[in-house]
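Student: Taken in order, these protein sequences are the chains called C and Z.
Position one of the first sequence corresponds to residue 0 (numbering that gives the first Met the number 0), numbered consecutively onward.
Position one of the second sequence corresponds to residue 0 (numbering that gives the first Met the number 0), numbered consecutively onward.
Please note that the accuracy of each hint is not assured.
A pair counts as met if it fits within one copy or between any two copies, since identical chains are not told apart.
Said to hold, decoys possible - Derived DMTMM-like pairs: lysine to aspartate or glutamate, alpha-carbon spacing no greater than 25 Å straight-line:
#1 60 / 279
#2 410 / 424
#3 153 / 141
#4 153 / 130
#5 487 / 404
#6 5 / 275
#7 487 / 40
Note that these hints are calculated values from the structure, not bench results.
Quantities reported herein were computed from a predicted structural model and do not represent experimental measurements.
Protein chains: 2
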Amino acid sequence: MDLRLKRHSGVPVYLQISSALREQILSGMLREGQSLPPEREMAHRLGVNRSTVVKAYQELKAQGFLHARVGRGTEVKIWESREKEASVREEPLDWRSLFNASSGIPESFFSEMLSRANREGTISFASGFPDPDYFPREIMEDIQKNLHRENARKLYLPSPVEGYAPLRESIAALLGHRGMHVPSRNVMILSGSQQGLDYVARSFLSPGDVVLTEEPTFFGALEIFRAAGARVVGIPMDEEGIRRDLLEGAIRRHNPRFLYLLPTFQNPSGITMSLERRREVLEIAGTSGIPLVEDDPYGELRYEGNRLPSLKALDLRDSVIYLSSFSKVLSLGLRVGWVVAPSLVIERFSRLKQITDLHVNTAVQMLLDAFLRQGHYEEYLSRICRGYREKRDLLEKSLRRHAREIPWSWKTPEGGFYVWCRLPEELSLRSFLSRGALQGVAFFPGGAFYPDEAGREKYIRLNFAHTALDRIEEGVARLARAAGESLKGHAPFLEEHPGGQEPLV
Amino acid sequence: MDLRLKRHSGVPVYLQISSALREQILSGMLREGQSLPPEREMAHRLGVNRSTVVKAYQELKAQGFLHARVGRGTEVKIWESREKEASVREEPLDWRSLFNASSGIPESFFSEMLSRANREGTISFASGFPDPDYFPREIMEDIQKNLHRENARKLYLPSPVEGYAPLRESIAALLGHRGMHVPSRNVMILSGSQQGLDYVARSFLSPGDVVLTEEPTFFGALEIFRAAGARVVGIPMDEEGIRRDLLEGAIRRHNPRFLYLLPTFQNPSGITMSLERRREVLEIAGTSGIPLVEDDPYGELRYEGNRLPSLKALDLRDSVIYLSSFSKVLSLGLRVGWVVAPSLVIERFSRLKQITDLHVNTAVQMLLDAFLRQGHYEEYLSRICRGYREKRDLLEKSLRRHAREIPWSWKTPEGGFYVWCRLPEELSLRSFLSRGALQGVAFFPGGAFYPDEAGREKYIRLNFAHTALDRIEEGVARLARAAGESLKGHAPFLEEHPGGQEPLV
Numbered sequence: 000m001d002l003r004l005k006r007h008s009g010v011p012v013y014l015q016i017s018s019a020l021r022e023q024i025l026s027g028m029l030r031e032g033q034s035l036p037p038e039r040e041m042a043h044r045l046g047v048n049r050s051t052v053v054k055a056y057q058e059l060k061a062q063g064f065l066h067a068r069v070g071r072g073t074e075v076k077i078w079e080s081r082e083k084e085a086s087v088r089e090e091p092l093d094w095r096s097l098f099n100a101s102s103g104i105p106e107s108f109f110s111e112m113l114s115r116a117n118r119e120g121t122i123s124f125a126s127g128f129p130d131p132d133y134f135p136r137e138i139m140e141d142i143q144k145n146l147h148r149e150n151a152r153k154l155y156l157p158s159p160v161e162g163y164a165p166l167r168e169s170i171a172a173l174l175g176h177r178g179m180h181v182p183s184r185n186v187m188i189l190s191g192s193q194q195g196l197d198y199v200a201r202s203f204l205s206p207g208d209v210v211l212t213e214e215p216t217f218f219g220a221l222e223i224f225r226a227a228g229a230r231v232v233g234i235p236m237d238e239e240g241i242r243r244d245l246l247e248g249a250i251r252r253h254n255p256r257f258l259y260l261l262p263t264f265q266n267p268s269g270i271t272m273s274l275e276r277r278r279e280v281l282e283i284a285g286t287s288g289i290p291l292v293e294d295d296p297y298g299e300l301r302y303e304g305n306r307l308p309s310l311k312a313l314d315l316r317d318s319v320i321y322l323s324s325f326s327k328v329l330s331l332g333l334r335v336g337w338v339v340a341p342s343l344v345i346e347r348f349s350r351l352k353q354i355t356d357l358h359v360n361t362a363v364q365m366l367l368d369a370f371l372r373q374g375h376y377e378e379y380l381s382r383i384c385r386g387y388r389e390k391r392d393l394l395e396k397s398l399r400r401h402a403r404e405i406p407w408s409w410k411t412p413e414g415g416f417y418v419w420c421r422l423p424e425e426l427s428l429r430s431f432l433s434r435g436a437l438q439g440v441a442f443f444p445g446g447a448f449y450p451d452e453a454g455r456e457k458y459i460r461l462n463f464a465h466t467a468l469d470r471i472e473e474g475v476a477r478l479a480r481a482a483g484e485s486l487k488g489h490a491p492f493l494e495e496h497p498g499g500q501e502p503l504v
Numbered sequence: 000m001d002l003r004l005k006r007h008s009g010v011p012v013y014l015q016i017s018s019a020l021r022e023q024i025l026s027g028m029l030r031e032g033q034s035l036p037p038e039r040e041m042a043h044r045l046g047v048n049r050s051t052v053v054k055a056y057q058e059l060k061a062q063g064f065l066h067a068r069v070g071r072g073t074e075v076k077i078w079e080s081r082e083k084e085a086s087v088r089e090e091p092l093d094w095r096s097l098f099n100a101s102s103g104i105p106e107s108f109f110s111e112m113l114s115r116a117n118r119e120g121t122i123s124f125a126s127g128f129p130d131p132d133y134f135p136r137e138i139m140e141d142i143q144k145n146l147h148r149e150n151a152r153k154l155y156l157p158s159p160v161e162g163y164a165p166l167r168e169s170i171a172a173l174l175g176h177r178g179m180h181v182p183s184r185n186v187m188i189l190s191g192s193q194q195g196l197d198y199v200a201r202s203f204l205s206p207g208d209v210v211l212t213e214e215p216t217f218f219g220a221l222e223i224f225r226a227a228g229a230r231v232v233g234i235p236m237d238e239e240g241i242r243r244d245l246l247e248g249a250i251r252r253h254n255p256r257f258l259y260l261l262p263t264f265q266n267p268s269g270i271t272m273s274l275e276r277r278r279e280v281l282e283i284a285g286t287s288g289i290p291l292v293e294d295d296p297y298g299e300l301r302y303e304g305n306r307l308p309s310l311k312a313l314d315l316r317d318s319v320i321y322l323s324s325f326s327k328v329l330s331l332g333l334r335v336g337w338v339v340a341p342s343l344v345i346e347r348f349s350r351l352k353q354i355t356d357l358h359v360n361t362a363v364q365m366l367l368d369a370f371l372r373q374g375h376y377e378e379y380l381s382r383i384c385r386g387y388r389e390k391r392d393l394l395e396k397s398l399r400r401h402a403r404e405i406p407w408s409w410k411t412p413e414g415g416f417y418v419w420c421r422l423p424e425e426l427s428l429r430s431f432l433s434r435g436a437l438q439g440v441a442f443f444p445g446g447a448f449y450p451d452e453a454g455r456e457k458y459i460r461l462n463f464a465h466t467a468l469d470r471i472e473e474g475v476a477r478l479a480r481a482a483g484e485s486l487k488g489h490a491p492f493l494e495e496h497p498g499g500q501e502p503l504v
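Extracted from the complex, chain C is given alone in its bound form (with noise of 0.2 Å):
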């Protein structure tokens, strides 16, 4: 123990010892039930008369520091004493009443709900993630041991605000090869597409502001321009996508900020934009002079037909913001998406990345660059799409097989990830969720996907990318007997959910 006395500071001897103690029970130097010297001989090693030492340790049991036990002397007591200090003492804070007013950050009810979709043993068709089986493991091995052993110093480093270099180029070769022809700098890495709205959001929205989307959309999106503040106006659509003849009427009437849209395998609908829509869209929003915020995480996970150029790609007016990601293609777990956009978009995107978190992870954007640049992307996306179609048609067969129990309905989406059924209209949703989550089956519900929630609670969204595929046919089994057994009017049943979220997307 290293108590230095200053023998002529003004200061008395016995407060000079029980604040140095104080100090290093605070900082964690002395710990929690750790016992003292007995008073006579901490006297003898400060060169201390006894009495000094006894005064030092009796203020600091009187502040809750120490505690003196029969036959083993005195202890350092801190944790308990502090809580009863707390408790006995001080007004804790309130922070309830601390925060902002910003009602635009929602409350979990969903997160709370899906929580159970973890429950050992259930069957979930609720999330948005990939299958994690899929992901290709032993490439991405090899790589990381290359990379260590060619380029170990460079994978801690710091990274540029935009992103390494390297990925934004492989980024953009990827983005040509799809006819979407971009310079590098034109493209922007960020931690997931969701940061990419985030941005968005919060350079182009102010309170009050009118955002105008598909209806329905991904929740996600709703909840980060509700956040900023705006107010959301969804558009219908029919199969070829969001209804022009409705557009043109809702531009003129809300002055939106932007147009945000997912034109391919659209989340949750599963609708793909037609050419001719996506160039009269293009049209529209030309004419206005509103930019268009493309969401494109699907778009490489086509089943059938032919591929559609994006948004961006048929854009002469360098009006569209085109955000994308590796979350469904390869993992949500690697936080790595990116931008297209003009340079005075990037421009801002890079001082807001600069001012909230700095640049993405380093070493997960060489090792996806490395992924890209060494040719493996193709063939792990033709393994893939294969993948998921063969659990689609699976989904879509089992769904069939219990359609006369339960009237539900859907259409085939072309690729992406989701199933978006409709149930009939006297099944109550949260009944559903609730039966679903006693039989071991979760699935999205659809109402999260409306800008205005209220009373359109008759679809669910099925993610049957995520479900094993040999657990496809027991978990719609499981979902007709939820639907089943809530059709005939069981009530809700509601649970305490455990901690930690699972991220919703």
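Start from chain C and add chain Z according to the hints.
Tutor: Leaving out everything else, chain Z in the frame of chain C:
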């Protein structure tokens, strides 16, 4: 080439051909420069008249998608033609006019200045980075290998919004050893502590609110608070930290939303708040019901003197949000930090994480957890502290050597990365920066650290940690030359900065 024609669709066949080809060009199936079959051959393949194909090709040429070249037939020419089309026919969107009025997003004068610090041969004291050669690469590589062998599947899965549970526990244990006893549920993993500052701003600030800080203080905090529309009021420090005599009055006058403090090895001043001042500040804030945001990225890096308890460890009212990070101890490139906060705050932050970027990359969380659990941390920490101490001492020695030519002055920091160096009043910082760039030395100008930037251009921040030991003396010699030239009144020298911004910290 796969063109399916519908004979009885009502759409003229030449239009079907041209639109199918356009679609293939735009989607990238037909590549730039690729030749189309001659008209006769195409007509034969499709079973249509040659004149129908001629008409289709003509239309695409008129639209700028195809180009006929003598001797080479008809080629796809999308890229050039799109650029032409864009310049001729379409008005590009005026993005500048579309941004919202969040004047708080700062322009990047400093990043432009600092990007020069990366030039070949420049000795930089400018960044906020640790020494990249201290990073325990071999240990991390071993851990990676083990993780791949034993836990490969999990590495690439999503993790909970609040962070990978074992890492939350490891960090809680580490904090416990520092006298901060918190349950792991009050520890949340973030993409660096900068993200914590963003979440603090998003949770507690509304436009017009006031934040109190030390003066000078970390510019990254200033920027994010300003971006939220807040006004930052700085309170000067003495050698024991923020001045308590000014703090009470400032709280009364400004009614701040919170107090932002960097009590240990402050960035940029290097000052460490005394234990007594810590208690006083907690008392004052407690009496006024003001929360404290404690930023502690450097606290582990002590080179002499006794460790002091954090504000969070001393707090009896649950009134402190504590932020820290692996950025300074290991590497910024990891992008992993954490917050310790009351449960209500963790809840709010996890909602923000869900809507802004979902969670932190799983693999890096598992890596850091293993590093802590396997007990490498403390040994590594003492090793790097010895190294940084040596660097600090050498920087000071070098500065003293030139103190007669350049009357600069500073106080020795007991830890952290920075010497906060006061310059003669008559030295123009802009000129010094430019002269430094020419001499091949970089530093961070002091003005950026003041809530009110005007008229305080007399300090610079020197990071001794990042620079290799054998470059420090030469770096200071260059500094002295640049300062000497500037004092003689050479004109400032500015140039274009290269692409790609270094993250500023």
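Student: Tell me the hint numbers this structure goes against, listed in increasing order.
Tutor: 7
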